[in-house]
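J.: So the chains spell out like this:
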Amino acid sequence: MKVFFTILICKLLRFVGKLIGKGSSLPGQIALKLCPDILSRVQLPSHIIAVTGSNGKTSTVEMIAHILRGSGKKIAWNREGSNQIEGVTTLVLSNATLGGKVKCDILLIESDERFARYTFRYIRPTHYVITNLYRDQLTRNGHPEWVYDAIADSIHDGTRLILNADDPLVSCFGNGRSDVIWFGADKLSSDTETLESVYNDGAYCPVCKKPMTYSTYHYNHIGHYACTSCGYKRHDTAYTITSVDLDGGEMEIDGRYRISLALKSLYNIYNILAAYTVARIVGIDGAKIAADMNDYVLKNGRVITFGLGSRRGTLLTSKHENSISYDQSLRVASAYREGCDVLIIVDAVSRKYFTSDVSWLWDIDFEMLNNENVREIVLAGTYVNDLALRFEHTDIPAERIHCFADINEAVDYLDSGRKEYIYAITCFSDKGKFLARVKGE
Amino acid sequence: MKLLHLYHDIMNLYGEYANVLALREMILKSGEECETERKSFGEAVDFNEYDFVYVGSGTERNQKLVLEDFRRLADGFQAYVAGGKAALWTGNSFEILGSRLTDCDGRDYRGIGMFSFTTVEQNKKRSTADAIFEADFLDKPLVGFVNKCSEIEGIGEPMFRVRMGLGNKTGDEGEGIRENNLFCTHLTGPVLMKNPGLLVYVTRLVTGKEVAPNPLMVKGYEITSRELGKLLENGQ
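Chains as they are written, first to last, in numbering that gives the first Met the number 0: chain U, 0 to 440; chain F, 0 to 235.
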């Protein structure tokens, strides 16, 4: 009876919550109060696919859902991105019968990396994708090794790990396990021989802490690494990006499937590869996946094209407190051959909590914007002085930089007769203030 | 002038290399020349060559490796500090200078022993907070961020008074420790870039000159102070 009532209440709360536009974690939170072990009392489907990591979770999960649904599978997934145990509980119970049977072929869970250990105490994923581990929200997360330890606690026997072979820290989860499925990229035309990043999180082997060397870098410390001492090295991959042409907007997987890219970033190709890997494991044909991913535009609102007066542009949602996320966006802007202006807004560091810490600005490789493709740089928001100070420590000429504490003034400035495309780079916490002033397309 | 960024590649979690940039900018402004050297594991260091030594924060595992490597440099560094030269150690780096470190598994590590304090780590909860610290030697309080998983016991005379944030151990009103011109604080990140007052003070120690800080830094500091002040008023 307890299960019945808990599920009923969760469903009702979810229904009401949807009507009034409330988030999806509260129903689960109440359900867990009513019945703390509710997740172990429901009947789960045969496939439970979980995705965690610093970046790309939401996009990867959305793509997996898109492909699997296109193949007729019934998917339950936390599309609102409520990825802690409460949100996952809402997801599971609102897709369950009142008898406790979860009605789907595949339960697809985006999980917060620090809290996965609580969620997966009850729900053991059959497949567990770990995308990457970066310096991300360190004011809460501490540092990547701290998060690594938290994720390690969430991995149980009977779970098949699906790991990014190009990330040296993530790959450690595979040590001592024989049934890991690896995905990654071959040496790509966009690779570099030397590190392009402000800092090097691949300098030392995550296993023995002796120096590592790289035969190629895809971006930041993601690439083909090998320890000079203990033999730890990048694992061979089962599912592989075999080539990419970011200018032309095309990638190739496993030497045969070509996918045209709606978003020309390395991030995007990794997310597509992770989604492809999961779909292949579930049994979907590679050609079908490639067709589903062709020109796929994410619906999670992270990349939005807009008009501002006579100008056009793209908002690239980037995570504050996450330098690699910023680096990816800066790379997209700096590769725009027709010439662009770049707007960067740091107004509220987070939408979920308060911090005034802007240390992470120093980890972002803003020097990338020192390039003929990037014309004017507009900095805006409460922390505009910190941004401007950071830019002073690049070689970008000062006359190309324009600063506004007020976001509206920055938008007014950009609303000019200039012809350059606009790349707006900011976080969830600040993008609404910008989007309120432009026309979404 | 010569600056040393020690363990630059492994104790540099929160953009802390910018501390060296901030001081370098001030030294150049004072009319002196400035050279920065970056060193790490196994490299020879003659502290006599330097006018400023900086070490930033690292992961708990990396900090233990640094402790072992630093043993060979400890005497030289102690002489450097005894001579009154300036150094800044931020985040968990300065924990190695105490008498003992205990990790989350209860394993003990003998510290460098420049100070008598002891440090105990845990791996359950990350202790993080925006911070406002006051010091007798500064007109205005410091602003910054603490990010740690340890408690430090046995610092009788801390360097800062905690107005907001975390002290050496839970509930402590004191934070950090100072010995001559060695400044040790658990503030992370570019502390000197965020705090023009401390930067001017350290610049004076290093160059003997009074140098005005970058106006952007001053404005940035005022805004962070204002934002943290609001937080403090609202009872954190």
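Wrong hints could be hidden among the right ones.
[Claimed, not checked] Cross-link-like lysine-lysine pairs, in silico, DSS-like; alpha carbons within 27 Å at most:
{"#": "1", "chain 1": "U", "residue 1": "Lys186", "chain 2": "U", "residue 2": "Lys287"}
{"#": "2", "chain 1": "U", "residue 1": "Lys208", "chain 2": "F", "residue 2": "Lys123"}
{"#": "3", "chain 1": "U", "residue 1": "Lys32", "chain 2": "U", "residue 2": "Lys100"}
{"#": "4", "chain 1": "U", "residue 1": "Lys232", "chain 2": "F", "residue 2": "Lys218"}
{"#": "5", "chain 1": "F", "residue 1": "Lys218", "chain 2": "U", "residue 2": "Lys432"}
{"#": "6", "chain 1": "U", "residue 1": "Lys432", "chain 2": "F", "residue 2": "Lys139"}
{"#": "7", "chain 1": "U", "residue 1": "Lys209", "chain 2": "F", "residue 2": "Lys63"}
{"#": "8", "chain 1": "F", "residue 1": "Lys38", "chain 2": "F", "residue 2": "Lys124"}
{"#": "9", "chain 1": "U", "residue 1": "Lys32", "chain 2": "F", "residue 2": "Lys123"}
{"#": "10", "chain 1": "U", "residue 1": "Lys32", "chain 2": "F", "residue 2": "Lys124"}
{"#": "11", "chain 1": "F", "residue 1": "Lys63", "chain 2": "U", "residue 2": "Lys351"}
{"#": "12", "chain 1": "U", "residue 1": "Lys209", "chain 2": "F", "residue 2": "Lys38"}
{"#": "13", "chain 1": "U", "residue 1": "Lys208", "chain 2": "F", "residue 2": "Lys38"}
{"#": "14", "chain 1": "F", "residue 1": "Lys38", "chain 2": "U", "residue 2": "Lys351"}
{"#": "15", "chain 1": "F", "residue 1": "Lys84", "chain 2": "U", "residue 2": "Lys351"}
{"#": "16", "chain 1": "U", "residue 1": "Lys232", "chain 2": "U", "residue 2": "Lys209"}
{"#": "17", "chain 1": "F", "residue 1": "Lys63", "chain 2": "U", "residue 2": "Lys208"}
{"#": "18", "chain 1": "F", "residue 1": "Lys84", "chain 2": "U", "residue 2": "Lys232"}
{"#": "19", "chain 1": "F", "residue 1": "Lys124", "chain 2": "F", "residue 2": "Lys84"}
Read the hints as simulated data drawn from the structure, not as lab findings.
Just so it is clear, the structure is predicted and the values come from calculations on it, not from any experiment.
J.: Does each hint fit the structure? Answer for all of them.
T.: To see whether the hints hold, each was checked on the structure:
no.: 1; hint: Lys186(U) <-> Lys287(U); result: holds (25 Å)
no.: 2; hint: Lys208(U) <-> Lys123(F); result: holds (23 Å)
no.: 3; hint: Lys32(U) <-> Lys100(U); result: holds (20 Å)
no.: 4; hint: Lys232(U) <-> Lys218(F); result: violated (47 Å)
no.: 5; hint: Lys218(F) <-> Lys432(U); result: holds (23 Å)
no.: 6; hint: Lys432(U) <-> Lys139(F); result: violated (33 Å)
no.: 7; hint: Lys209(U) <-> Lys63(F); result: holds (14 Å)
no.: 8; hint: Lys38(F) <-> Lys124(F); result: violated (32 Å)
no.: 9; hint: Lys32(U) <-> Lys123(F); result: holds (23 Å)
no.: 10; hint: Lys32(U) <-> Lys124(F); result: holds (23 Å)
no.: 11; hint: Lys63(F) <-> Lys351(U); result: violated (33 Å)
no.: 12; hint: Lys209(U) <-> Lys38(F); result: holds (15 Å)
no.: 13; hint: Lys208(U) <-> Lys38(F); result: holds (16 Å)
no.: 14; hint: Lys38(F) <-> Lys351(U); result: violated (38 Å)
no.: 15; hint: Lys84(F) <-> Lys351(U); result: violated (43 Å)
no.: 16; hint: Lys232(U) <-> Lys209(U); result: holds (12 Å)
no.: 17; hint: Lys63(F) <-> Lys208(U); result: holds (11 Å)
no.: 18; hint: Lys84(F) <-> Lys232(U); result: violated (43 Å)
no.: 19; hint: Lys124(F) <-> Lys84(F); result: violated (36 Å)
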